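Here the numbering used here is used: position 60 in the sequence shown is 79, and no number is missing along the way.
Because the hints were derived from the structure by calculation, they are not lab data.
Computed from a prediction, not measured in an experiment: that's the story for all the values here.
One should not assume that every hint holds.
Unchecked claim - Have a look at the derived ranges for each label pair, beta carbon to beta carbon:
id	residue 1	residue 2	range
1	Gly34	Ser111	41 to 51 Å
2	Gly36	Ser111	40 to 50 Å
3	Val20	Gly40	11 to 21 Å
4	Val105	Gly82	16 to 26 Å
5	Tyr92	Thr33	16 to 26 Å
6	Ile66	Leu95	22 to 32 Å
7	Leu74	Leu28	18 to 28 Å
8	Leu46	Ala26	14 to 24 Å
9	Phe60	Gly36	37 to 47 Å
By construction, the Cβ of each residue, glycine as well, lies at the ideal position given by its N, Cα and C atoms.
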Amino acid sequence: VFYGIAAMLSVARTGAGDPNGGQTENLDAITAVVLGGTSLFGGRGVILGSLLGALIVGVFRNGLTLIGVSSVYQVLVTGILVILAVATDQMSRKGAR
Numbered sequence: 020v021f022y023g024i025a026a027m028l029s030v031a032r033t034g035a036g037d038p039n040g041g042q043t044e045n046l047d048a049i050t051a052v053v054l055g056g057t058s059l060f061g062g063r064g065v066i067l068g069s070l071l072g073a074l075i076v077g078v079f080r081n082g083l084t085l086i087g088v089s090s091v092y093q094v095l096v097t098g099i100l101v102i103l104a105v106a107t108d109q110m111s112r113k114g115a116r
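Take these sequences, add in the hints, and give me the full structure.
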């Protein structure tokens with residue numbers, strides 16, 4: 020049901036249907052939550068942290084678009100952000116032991 024609603028909103032916004040549209044939103048959502056402080060290895064997150072993570076991802080995406088970076092490289096940068104956030108989480112977990 021939600022996919023249908025999202026598809027209708029996307030078509031209304033862009034004026035065209037795209038079967039490949041929205042493929043990077045999953046990565047953006049995961050990145051936002053991980054940057055917000057939620058561990059991928061279990062634990063709890065807070066809504067404010069996830070919102071802050073979404074803001075960071077949005078600023079990065081917007082900045083990369085404004086300077087003319089290809090969408091392929093934008094996905095690469097998002098992946099690097101996830102890797103850095105997970106590495107930071109792992110280092111803080113090892114330090115806490």
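Hints, one by one, checked against the model:
no.	hint	in the structure
1	Gly34 with Ser111: 41 to 51 Å	46 Å, holds
2	Gly36 with Ser111: 40 to 50 Å	44 Å, holds
3	Val20 with Gly40: 11 to 21 Å	18 Å, holds
4	Val105 with Gly82: 16 to 26 Å	22 Å, holds
5	Tyr92 with Thr33: 16 to 26 Å	22 Å, holds
6	Ile66 with Leu95: 22 to 32 Å	28 Å, holds
7	Leu74 with Leu28: 18 to 28 Å	21 Å, holds
8	Leu46 with Ala26: 14 to 24 Å	19 Å, holds
9	Phe60 with Gly36: 37 to 47 Å	38 Å, holds
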